[in-house]
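Residue strings, one per chain:
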Amino acid sequence: MFDFKEYLRLDMFPHMLCPGCGHGIVLGAMLRAIHSLGLSKDEVMVVSGIGCSSRLSGYVDFNTLHTTHGRPLAFATGIKLARPELKVIVITGDGDALSIGGNHLIHAARRNLAMTCLLLNNEIYGMTGGQSAPTTTPGKISTTSPKGQTERAFDSCRLAEAAGATFVARGITYEPAAVERLIAAALQHNGFSFVEILSDCPEFFGRFNRVGSPSDMLFTQKQNTLDAKAAAALPPERRKGKLLTGILHQDSAPEYLATLDQNFAGAVRPDMRE
Amino acid sequence: MATSTANSIELLAGNTACAKAAIAAGCRFFAGYPISPSSEIAEKLARLLPEVGGRFIQMEDEIASLAAVIGASLAGKKAMTATSGPGFSLMQEHIGYAAYAEVPCVIVDVMRGGPSTGLPTSPSQGDVMQARWGTHGDHPSIALAPASPKEFYELTVRAFNLAERLRTPVTLLCDEVVAHMYEKVDMAALAKLPIENRKKPTGAPGRHLAYAPGEDGVPVMAPFGDGYRYHVTGLAHDERGYPTQNPAVIAATQRRLHDKIEWQRRDIVQFETVDCNDAEVVVFAYGIVSAAARQALRLARAQGIRAGLFRAITLWPSPTEEIAALAEQVDRIVVAEMNLGQMLGEVQRAAGNAKRIDTCLKADGETITPEEILAVLKAGRETHV
Amino acid sequence: MENGQVQNVLIVGVGGQGVLTASDILATVCLASGYDVKKSEVHGMAKRGGVVYTHVRYGRKVLSPLIEPGEGDVLLAFEPAEALRWSKYLKPGGTLITNLRQRVPPASCLDRRPQAAVRYPQEIQRSLRQQLGDVRVLDAESLAMELGNPRVSNTVLLGVLSNVCEFSTEDWTSAIERSVKPQAREINRRAFLAGRNMQFPAAEEEPAAAPAQEAAASLAIADIEIRETWCKGCEICVVVCPQNCLKMNDAKKAVVADASSCIRCMLCEWLCPDLAVNVH
Chain A
1 MFDFKEYLRL
11 DMFPHMLCPG
21 CGHGIVLGAM
31 LRAIHSLGLS
41 KDEVMVVSGI
51 GCSSRLSGYV
61 DFNTLHTTHG
71 RPLAFATGIK
81 LARPELKVIV
91 ITGDGDALSI
101 GGNHLIHAAR
111 RNLAMTCLLL
121 NNEIYGMTGG
131 QSAPTTTPGK
141 ISTTSPKGQT
151 ERAFDSCRLA
161 EAAGATFVAR
171 GITYEPAAVE
181 RLIAAALQHN
191 GFSFVEILSD
201 CPEFFGRFNR
211 VGSPSDMLFT
221 QKQNTLDAKA
231 AAALPPERRK
241 GKLLTGILHQ
251 DSAPEYLATL
261 DQNFAGAVRP
271 DMRE
Chain B
1 MATSTANSIE
11 LLAGNTACAK
21 AAIAAGCRFF
31 AGYPISPSSE
41 IAEKLARLLP
51 EVGGRFIQME
61 DEIASLAAVI
71 GASLAGKKAM
81 TATSGPGFSL
91 MQEHIGYAAY
101 AEVPCVIVDV
111 MRGGPSTGLP
121 TSPSQGDVMQ
131 ARWGTHGDHP
141 SIALAPASPK
151 EFYELTVRAF
161 NLAERLRTPV
171 TLLCDEVVAH
181 MYEKVDMAAL
191 AKLPIENRKK
201 PTGAPGRHLA
211 YAPGEDGVPV
221 MAPFGDGYRY
231 HVTGLAHDER
241 GYPTQNPAVI
251 AATQRRLHDK
261 IEWQRRDIVQ
271 FETVDCNDAE
281 VVVFAYGIVS
291 AAARQALRLA
301 RAQGIRAGLF
311 RAITLWPSPT
321 EEIAALAEQV
331 DRIVVAEMNL
341 GQMLGEVQRA
351 AGNAKRIDTC
361 LKADGETITP
371 EEILAVLKAG
381 RETHV
Chain C
1 MENGQVQNVL
11 IVGVGGQGVL
21 TASDILATVC
31 LASGYDVKKS
41 EVHGMAKRGG
51 VVYTHVRYGR
61 KVLSPLIEPG
71 EGDVLLAFEP
81 AEALRWSKYL
91 KPGGTLITNL
101 RQRVPPASCL
111 DRRPQAAVRY
121 PQEIQRSLRQ
131 QLGDVRVLDA
141 ESLAMELGNP
151 RVSNTVLLGV
161 LSNVCEFSTE
171 DWTSAIERSV
181 KPQAREINRR
191 AFLAGRNMQF
201 PAAEEEPAAA
211 PAQEAAASLA
221 IADIEIRETW
231 CKGCEICVVV
241 CPQNCLKMND
251 AKKAVVADAS
261 SCIRCMLCEW
271 LCPDLAVNVH
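Chains A, B and C, in that order, give the protein sequences.
Mapping the first sequence onto the working numbering, position 181 (from 1) lands on 181, and the numbers just tick up by one.
Mapping the second sequence onto the working numbering, position 255 (from 1) lands on 255, and the numbers just tick up by one.
Mapping the third sequence onto the working numbering, position 149 (from 1) lands on 149, and the numbers just tick up by one.
Hint data in this document are derived by calculation from the structure and do not stem from the laboratory.
Bear in mind the structure is a predicted one, so any value in this text is a computation, not a measurement.
Just to be clear, a hint being listed does not mean it is correct.
[Stated by the list, open to error] Straight-line distance between alpha carbons at most 27 Å, and here's what the computed DSS-like set of lysine-lysine pairs gives:
1) A:Lys222 x C:Lys91
2) C:Lys88 x C:Lys61
3) B:Lys200 x A:Lys87
4) A:Lys222 x A:Lys240
5) C:Lys252 x C:Lys181
6) A:Lys240 x A:Lys140
7) C:Lys61 x C:Lys38
8) C:Lys247 x C:Lys181
9) C:Lys252 x A:Lys5
10) A:Lys242 x A:Lys140
11) C:Lys61 x C:Lys91
12) A:Lys41 x A:Lys87
13) C:Lys38 x C:Lys91
14) A:Lys229 x A:Lys242
15) C:Lys61 x C:Lys39
16) A:Lys5 x C:Lys38
17) A:Lys147 x C:Lys181
18) C:Lys181 x A:Lys140
19) A:Lys242 x A:Lys222
20) A:Lys5 x A:Lys87
21) A:Lys240 x A:Lys229
22) B:Lys378 x B:Lys355
23) A:Lys87 x B:Lys199
24) B:Lys199 x A:Lys41
25) C:Lys39 x C:Lys181
26) B:Lys184 x A:Lys41
27) A:Lys240 x A:Lys147
This is chain A alone, in the form it adopts within the complex (with noise of 0.2 Å):
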């Protein structure tokens, strides 16, 4: 029986996150998907970066790591090279992981090791107030866009798939269900494996963009969505404009321990073997 309660640090509650923050969400599925593959909470390694989305590593009551700016899929590395045997998630924000933190991803995707990002996407700066993100689409208002966004926006499944990530999904917080099914299957990928969650910011993003109550942005997500097996048999003109989810892409290209280890087979020293 899951009773999310059993993973938060109940001391923690009630969380710091905004009335309709969609981060939340996101959290209550990950913790099922984590249930539901029976990890133990000791094996569970969540690393954050900064922002919004960063601060849900303090809530769970697994060994946590609260980074710096962009930074957390450098620390994940370290930690999963040093304790392979920890499942490693990273969760991680728009602005953490594509501005800022957009290296780490490129070549953590790249590298292929094993461990499962999340970047839960609400397309703007939360923390500091409402900034425009790589992620804030053309046209879109922000305190640092106040006529509009003028640069375009990172489709960051596109950017991990294109750096070589071998699992990429995306979801949708409106699809809680579909969100826990896309973690699962990420957390049991042996290689990076990149999951884009749209989260809602109604704080800022919302009231900037007058786009209605935490209920309407959730509707308005599944509006702007197409599932990417059923866009599979549209014609174009009815996928025109819509953001894919699912799994977007999957491979087996060889994963980097494995292949570290074979490099190296034979060459522990003799005194040094376990």
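Fit chains B and C to the supplied structure of chain A, relying on the hints for placement.
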């Protein structure tokens, strides 16, 4: 017990000595990014670490390198990185993180001429103040400066010992000359160096307070994955590791971070004095400059100048008490360093305004020569070379 | 105020209550009335329930922007626990104006030990009255609701403040009008006057404290458990429930309306951003 044999004698370069010492000290993780003149340390460890069951990784930049080192350390491994000035600059945020989250790690900075890309890869001692104050916020700092390949070996072991004992980042400030200098070293003698390992918690996981200090001010560190689930953050935190904004808790932690170093200051601060007993003038130097100073001493004494040498081995915490004591005995101090006056400020502060301090400073990519120091000893007046 | 004197006004509350707007308006009034003014604010984590406070100092010439403890002439608190927290900043004989509507900021008022109840200061008024002389308490939200919009409660509080910081009604209302949208001017004008016309001390009977949330603990009705202290009132669960099992209460918290029709679709639990809902 290892003894000196023909086989135990090696001709060792500074950077190789550092890599070998790291393995001997128990280092099992290295993450780094290529940069001259430190790259040989990474290259050596890429081969040596797998032999001892450790792991080496070349990261995408120096920021990621120190991040990975901190991650590996939190997961229970002794870990290090090596870099030079520009990379050391990039690492500063994570040095602060390691100081505040109390993660043991060793950072080797093989100094080259700066600022910026500067002088790849001419010798310099320009990163001394950066090693003290490079990262933002108040934090203690430990930095050691070897003067020879053998000492680079010894201080690498010592850096790991201090890092693990005090749960703090330790910087090895090596100048390019020492890093690339070869010297005859008896490895058997070096194998006898004591190795310290971090304490692990013994109590039940449920009661473990991640940041409750022991009597020495150092909290016992549980590696991630050993069943002690807890939170680590670079935010101000309480004894559980949870973020806090309580001024009393924050003040106590700030105090403790300094105290844990300060309480062991006498052990941490190492220095060497040469011919100081009857000295009228003493040269203050560290790293490779101290080798030039030794020669200058001989030349000066041959000309009737009673010169001595104070060689700082530990730069941070700075040996202010020891300099102050020495200043009482001598007429004059000559500060010789390959920068425009970084430890100079510490010497001035320690010796007081009344003491005459001359300088032999140089930041042009060339080493300071014995003759240049001798000239200052003789002239007795400030000489900027 | 005599020549050369500086008036110290401290405005405090929690994120989202309009503390910064109120202090902007006060500063505008001061400037319009020919005073020098300095204002300093702290609001980093405000949107996430953190404490917000501003120091407003005005007079013929103001040098320092900060008010020291024991220097404040007026403390305007949008939240009663904040009134208590900041009361030491008032000078003897200073004036405290406090709203009674409680907001529990997650970061500051929780006992963070497991299973602990929310520790919200009780008997705020009594302890304040013992400490201070001139205490003016009101339930600004109720007054604002009567006027038609709870969001003008900060303007009601400015109305009360206007009797202590003596500027002309015209200066006040024109500053308020400049800070709000045209369509909101009328209601804000009325809110200001409602506050300005309040008499203190009020009748013997003080208004009862108006708690935003009851004690702590979880409220379990049938199968749906909603932890009231965790709920931030986003209303998602109420909107997505296909059976209309849930509703919002007057304190803007989700509560169970009728659990008997629950079909265990789990949407309320899975979509609650606050992890406040369990369907057992």
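Taking the hints in turn, this is what the structure says about them:
no., hint, verdict
1, A:Lys222 x C:Lys91, "violated (57 Å)"
2, C:Lys88 x C:Lys61, "holds (25 Å)"
3, B:Lys200 x A:Lys87, "holds (22 Å)"
4, A:Lys222 x A:Lys240, "holds (14 Å)"
5, C:Lys252 x C:Lys181, "holds (25 Å)"
6, A:Lys240 x A:Lys140, "holds (19 Å)"
7, C:Lys61 x C:Lys38, "holds (9 Å)"
8, C:Lys247 x C:Lys181, "violated (31 Å)"
9, C:Lys252 x A:Lys5, "holds (24 Å)"
10, A:Lys242 x A:Lys140, "holds (16 Å)"
11, C:Lys61 x C:Lys91, "holds (20 Å)"
12, A:Lys41 x A:Lys87, "holds (10 Å)"
13, C:Lys38 x C:Lys91, "holds (19 Å)"
14, A:Lys229 x A:Lys242, "holds (13 Å)"
15, C:Lys61 x C:Lys39, "holds (13 Å)"
16, A:Lys5 x C:Lys38, "violated (48 Å)"
17, A:Lys147 x C:Lys181, "holds (19 Å)"
18, C:Lys181 x A:Lys140, "holds (22 Å)"
19, A:Lys242 x A:Lys222, "holds (10 Å)"
20, A:Lys5 x A:Lys87, "holds (20 Å)"
21, A:Lys240 x A:Lys229, "holds (15 Å)"
22, B:Lys378 x B:Lys355, "holds (17 Å)"
23, A:Lys87 x B:Lys199, "holds (25 Å)"
24, B:Lys199 x A:Lys41, "holds (23 Å)"
25, C:Lys39 x C:Lys181, "holds (23 Å)"
26, B:Lys184 x A:Lys41, "violated (52 Å)"
27, A:Lys240 x A:Lys147, "holds (25 Å)"
Violation of the numbered hints given earlier is confined to hints 1, 8, 16, 26; the remaining hints are satisfied by the structure.
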